[in-house]
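Visitor: Here the protein sequences line up with chains A and B, keeping their order. Position 99 of the first sequence, counting from 1, maps to 99 under this note's numbering, and the rest follow consecutively. Position 157 of the second sequence, counting from 1, maps to 1157 under this note's numbering, and the rest follow consecutively.
Some hints could be false.
[Claimed, not checked] Lysine-lysine pairs mimicking DSSO-like chemistry, simulated, CA-CA at most 27 Å apart:
| id | chain 1 | residue 1 | chain 2 | residue 2 |
| --- | --- | --- | --- | --- |
| 1 | B | Lys1595 | B | Lys1532 |
| 2 | A | Lys595 | A | Lys541 |
| 3 | A | Lys161 | B | Lys1671 |
| 4 | B | Lys1161 | A | Lys350 |
| 5 | B | Lys1447 | B | Lys1409 |
| 6 | B | Lys1532 | B | Lys1232 |
| 7 | A | Lys541 | A | Lys216 |
| 8 | B | Lys1218 | B | Lys1232 |
| 9 | A | Lys218 | A | Lys239 |
| 10 | B | Lys1351 | A | Lys161 |
| 11 | A | Lys351 | B | Lys1645 |
| 12 | B | Lys1532 | B | Lys1239 |
[Said to hold, decoys possible] A few chain A residues that face chain B, going by a derived Cβ cut-off under 10 Å, partial list only:
| id | residue |
| --- | --- |
| 13 | Leu9 |
| 14 | Val13 |
| 15 | Gly115 |
| 16 | Asp119 |
| 17 | Asp361 |
| 18 | Arg422 |
| 19 | Ile556 |
| 20 | Ala559 |
If you are wondering where the hints come from, they were derived from the structure by calculation, not from laboratory data. Keep in mind it's a predicted model, so treat the numbers as computed, not measured. Built from N, CA and C at the ideal position, the CB exists for glycine as well.
There are 2 protein chains.
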Amino acid sequence: MSTPRNSHLGRIVIRHLNPRQPDGPWPARAFDGEVVEFIATVFREGHDVIGSDLELTSPGGTTQTIAFPHPVHGVDEWRTWACVDELGEWSWRVLGYADDWATWLHAADVKIAAGVDVDLMFRLGLDLLDRVRAGRNTAANLAVLTGLADTFADAAGDPAKRIAAAHDTTVTEAIAANPPRSLETWSDPMTMLVERTRAGYGAWYEFFPRSEGAVKNKDGTVTSGNFVTARKRLPQIAKDGFDVLYLPPIHPIGRTHRKGPNNTLDASATDPGSPWAIGAAEGGHDAIHPDLGTLADFEGFVAEAESHGIEIALDLALQCSPDHPWVTSHPEWFTTLPDGTIAFAENPPKKYQDIYPLNFDNDYDGLRREILRIVELWIARGVHIFRVDNPHTKPVHFWEWLIAEVNAKHPDVVFLAEAFTRPAMMHTLASVGFQQSYTYFTWRNHKTEIVDYLTEVSQRTAAFFRPNFFVNTPDILTEYLQFGGVPAFKIRAALAAMSAASWGMYAGFELIENVARPGSEENIDNEKYEFKFRDFAGALKVGRSIAPYIARLNSIRRAHPALQQLRNLRIHHTDDDGIVAFSKYLPAHLSPTGKPDGVIVILNTDPHAVRETMVRLDLSLLGLPHDASFTATDLITGSSYTWTKDNFVRLDSFSEPAHILSISYGKVGSK
Amino acid sequence: MSTPRNSHLGRIVIRHLNPRQPDGPWPARAFDGEVVEFIATVFREGHDVIGSDLELTSPGGTTQTIAFPHPVHGVDEWRTWACVDELGEWSWRVLGYADDWATWLHAADVKIAAGVDVDLMFRLGLDLLDRVRAGRNTAANLAVLTGLADTFADAAGDPAKRIAAAHDTTVTEAIAANPPRSLETWSDPMTMLVERTRAGYGAWYEFFPRSEGAVKNKDGTVTSGNFVTARKRLPQIAKDGFDVLYLPPIHPIGRTHRKGPNNTLDASATDPGSPWAIGAAEGGHDAIHPDLGTLADFEGFVAEAESHGIEIALDLALQCSPDHPWVTSHPEWFTTLPDGTIAFAENPPKKYQDIYPLNFDNDYDGLRREILRIVELWIARGVHIFRVDNPHTKPVHFWEWLIAEVNAKHPDVVFLAEAFTRPAMMHTLASVGFQQSYTYFTWRNHKTEIVDYLTEVSQRTAAFFRPNFFVNTPDILTEYLQFGGVPAFKIRAALAAMSAASWGMYAGFELIENVARPGSEENIDNEKYEFKFRDFAGALKVGRSIAPYIARLNSIRRAHPALQQLRNLRIHHTDDDGIVAFSKYLPAHLSPTGKPDGVIVILNTDPHAVRETMVRLDLSLLGLPHDASFTATDLITGSSYTWTKDNFVRLDSFSEPAHILSISYGKVGSK
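Turn these sequences into a full structure, and let the hints guide you.
Guide: Pasting the structure below:
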């Protein structure tokens, strides 16, 4: 919108186009297959009828035109949904026009009924018909239009019948094929960057490869798991329905000031150290920890995962142990103090002596080129997803540059920001390029918080911020999980998997690992500092695993395209202050199956109680008439219910804390 | 913000600059003397301390720099207020920088107290002091800095005392004069158009000049008032504190289909007709109705008004009676129907046969040049304010063009939009140029509506939309006024005059003219179609006039600069659902008097009842400590109260429905 100030507006006003970024030059974002709502304020002076079209052009140059449905009377915001299903930069614009036929028809209807200007109105109608007939019409339509013109011209006929003929379906269709319009006005074009599906939709699992297949030896030592032993868990992870497996850093770990169990400062010689203390004599960010295997082992692991439909996400943690090769080769990439030492990471007076933070202000060009080299290296080794550790401690313009550089060459590479920080930073990282972000989800546990947050991520920030709802991480074991028992874990998994298009969990969640290091919000005996030996099969046998529940959630996600979207989430009212209700819906024409898909989730957020409520559904959000009576099948229990807009629900968190209900669109009746 | 995508961000992130227009290329707006809040999101990675400055450059090129106060911890939105006091286009931008001294001082304080890195921290401090001393310093500051350097360098001294010296006020001042900063990053510049004071602040009065001095003759005929007789009311209007006098159209009125009393279709030969049916044999928009006098009479009226400090606002109603000269000279400016007639204004099936609407699509260039000529003509005749009738029935891009054209030559000309229409249109008219707009104020009568609306106009839309709170018009006599008696009129006047920077009333309001034409929301025997004979003095004598109350409100507005602003309005909590509390405040440095000014308004919106409530003031919004005890003087009654943050209030709408309280800043104690 850069025309000179005196003539910015066109003949019809078109403003407030959305989706857009709230600020800055970056395009709005979507993912391949995403169903997006396009919005524009379109209006003109006076009372004449207008229409508006969305024109959507794919990166390949294919253009589709979608007529916006008319907004409710008095509202000038036009809205329609469309699916963007091609990678790259889409462009779209909005047309506003005077709908001459609709304006005339409205006036003709009321004036002819009142006996006012009867001849004049038919004459004006004939002029319009001439315009329609002058365009390209099918023979059938032309016959309809000519017939109508004859009717209008028949001054002897009953005016009421003559104007009624203009409402015949065949006329409506013939006019719609070639409508008389005027004052056509186009908005400036908007852009939308469409990234690959996994940028927005997927189920993530996190494990430490060193724990997978680690063996406790009889002498008390541990033999580390590695890429060969860890491969053995891939089939189960695939069976559980995960799409992405995220690995903490796999690089050599520093020995200087290595951390011991529970973050202690006195590691023994056999403690494996934190994978985030990157770099040792064996190499830095470009190397693989010798205990995990060779590059060939890694590549074999990636290939095996791929054969199971699992993609590997690697950690990108831009910090170094004091033993990192850069410390000697490029001391200018760190902060050297007046005493000649390199500054540790610190939160004064606390120091993190196993970590040197990078300094981006001494040799920005050199450092960023080296980081780009590292990222390119792992891309060449088969990694196309990076989970970025603490991006909010590096300059934001560095990320803007890095992601643009990488995506220019590799548009399929996805960066997930571990930005547990303030909203301005979290949102800006997303605006400038991060395809996904960790979120505040783990700390949104009460109904009002959940409703607010789901509304925020699905509506207010969806044009640029893609949430990945991890339910736990090695750093996060919330109070809610610590004290909510098995119900808390099921509630959080169901909520994340059903509400977000991307969700994730860190190994151990399915085993209800809920004991925290005292005074902290993370697991005791944390895997960050030691090996974990988990008996998944044994836990399952004795009923101490919710892995089957998790697998069921993922399988429901795969079966229901509505759940593979985020922007379609809508909240419904419940009377109880602990029960959340939301739905996701795709109409047939936007669903990859060609059939409507609607899922309703009713979830008891209270892990300690049985709760009952009335659920008040807005059926228009589910493509149903307001008086519909329909069959809702619980996808967890298999039970079926006959539901209407008002339904009684009882949820016992100790058995099933959530109804996940699929609507049978084939058999909708009315109440 | 037009740098290429890969490097849009600077080293420090600066985004979301406000005030700005929500969409489109137009600058944010303010008026001469307006106190405006500037807002920016500024942050960087990590935990180092940053600072931010607002740099504000006047149209004349004078630049001032205002340091943003630090936001509350965890908030990245920086806010500060500044007064813009020069006409024209201001520019402003935001600086973000690393505050090296603050970062070091925080670390030094906590590390030295913990005995960590003591020598190192003093050495880093000395490096910073060297940077400060290398800049330009006063001799006194240089001595302070050298003294501190000696203290830091004294390794034998007590570390606690040495670092404490860095907190000495003299040191703080010396550092502030020449602070060591790095990573300085500027935002792109923003613009703000500052228009004259009357664009945003003023009290308006409306009368029909033909009624002022009209005489009922013995034979039943009426001799019209005119500019000579109407001049006689100017002194009283000035005494009542009004700044602007708005006149309905003063042009010749058509005779064809002239409307009679109460909008009837059969006017008699002596009915004067509606001033909005513009144009007759005597002329069109460039002519003066012969009954009102000559051009000289009009110019004399304008000059007399000016001598009383009153500015005349003229109506600009772009529509014609069938007798308008344009109908014959420029039929292309109207819509000609197939039967050769010109289309009346209509709302099918209803027709307004005294009005031809203009058609902007046949000869847009010709028509707009003629309208520009008309506007220029009246400007030449001394009119610099136009109240535009129904702008929402003309193309918006026409207004964008007209106002830009006029303001380019006459930046002091103010256009007020009578845009009683939907929000999108109302806001867009403001965005593209209208300096003021009529509003939904008259229909916001209940507490929650009022609180929402005041918040909207003072905060959300203040960057581009300037409300003028008219309490009534010839077209609007709300149900609230019809049935609320004298209290309703006082309540609405007090609310409008105290909350809005611009407010207005139409003659007769002060006489409690509250009888509507049955079934309508406008006065019976409406002045639009007939003469009114009002006995202002007589009504006052018998206590049927609230003119003195109105005059008091206007005098309070003039005495209190805080009331001459809009953006400083803030709502306070009251327990009662009918009592509204709000305040306006200017701190001393932003007040033209050099003294703080704070006014609290507590208003009973219920015209039928006595109400009581606790009022919970947020004293920080009034420049007072939270535990302040202060004297609040009622500017209506003269009573004084000792108030704190919690106060009991009883408001009897039948005596005084509102407390208008001035805070005595000279004598603030604590509770």
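Visitor: Taking the hints in turn, state whether each one holds.
Guide: Checked hints:
Restraint check for B:Lys1595 and B:Lys1532: the C-alpha separation of about 45 Å exceeds 27 Å, so the hint is violated. Our distance criterion of 27 Å between C-alpha atoms is broken by A:Lys595 and A:Lys541, whose separation comes to about 39 Å. Only pairs whose Cα atoms come within 27 Å are accepted, and A:Lys161 paired with B:Lys1671 is rejected, the gap being roughly 81 Å. At most 27 Å may separate the alpha-carbon atoms for a hinted pair to count; B:Lys1161 and A:Lys350 meet this at roughly 22 Å.
Of the supplied pair hints, the one linking B:Lys1447 and B:Lys1409 is violated, its CA atoms being roughly 43 Å apart against a limit of 27 Å. Restraint check: the Cα-Cα separation between B:Lys1532 and B:Lys1232 comes to about 16 Å, which is no more than 27 Å; the hinted pair holds. For a cut-off of 27 Å, the pair hint linking A:Lys541 to A:Lys216 stands: about 22 Å separates their Cα positions. Annotation: proposed proximity of B:Lys1218 to B:Lys1232 holds, straight-line Cα distance about 23 Å (limit 27 Å).
Restraint check: the Cα-Cα separation between A:Lys218 and A:Lys239 comes to about 33 Å, which exceeds 27 Å; the hinted pair is violated. Taken as a hint, the B:Lys1351 and A:Lys161 pair is honoured in the structure, with Cα atoms around 24 Å apart against an allowance of 27 Å. With a C-alpha separation of about 45 Å, the suggested pairing of A:Lys351 with B:Lys1645 is violated against the 27 Å cut-off. The straight-line distance between the Cα atoms of B:Lys1532 and B:Lys1239 is roughly 22 Å, inside the 27 Å bound, and the hint therefore holds.
The beta carbon of A:Leu9 is positioned within 10 Å of a beta carbon in chain B (closest approach about 4 Å), and the interface hint is therefore held. Hint on A:Val13 holds. Least Cβ distance to chain B is approximately 5 Å, under the 10 Å limit. Interface restraint check: A:Gly115 against chain B, minimum CB-CB distance 8 Å, threshold 10 Å, status holds. Interface hint at A:Asp119: satisfied, since its Cβ lies 8 Å from the closest Cβ of chain B, which is below the 10 Å cut-off.
For A:Asp361, the interface hint holds, the least distance from its beta-carbon to any beta-carbon of chain B being 7 Å, beneath 10 Å. Taking 10 Å as the C-beta contact cut-off toward chain B, the hint placing A:Arg422 at the interface holds, the least distance being around 6 Å. Given hint, A:Ile556 at the interface with chain B, is violated; its Cβ is 38 Å from that chain's nearest Cβ, farther than 10 Å. Checking A:Ala559 against chain B by beta carbon gives a least distance of about 39 Å; that is not within 10 Å, so the hint is violated.
Consistency note: the structure conflicts with the earlier hints numbered 1, 2, 3, 5, 9, 11, 19, 20.
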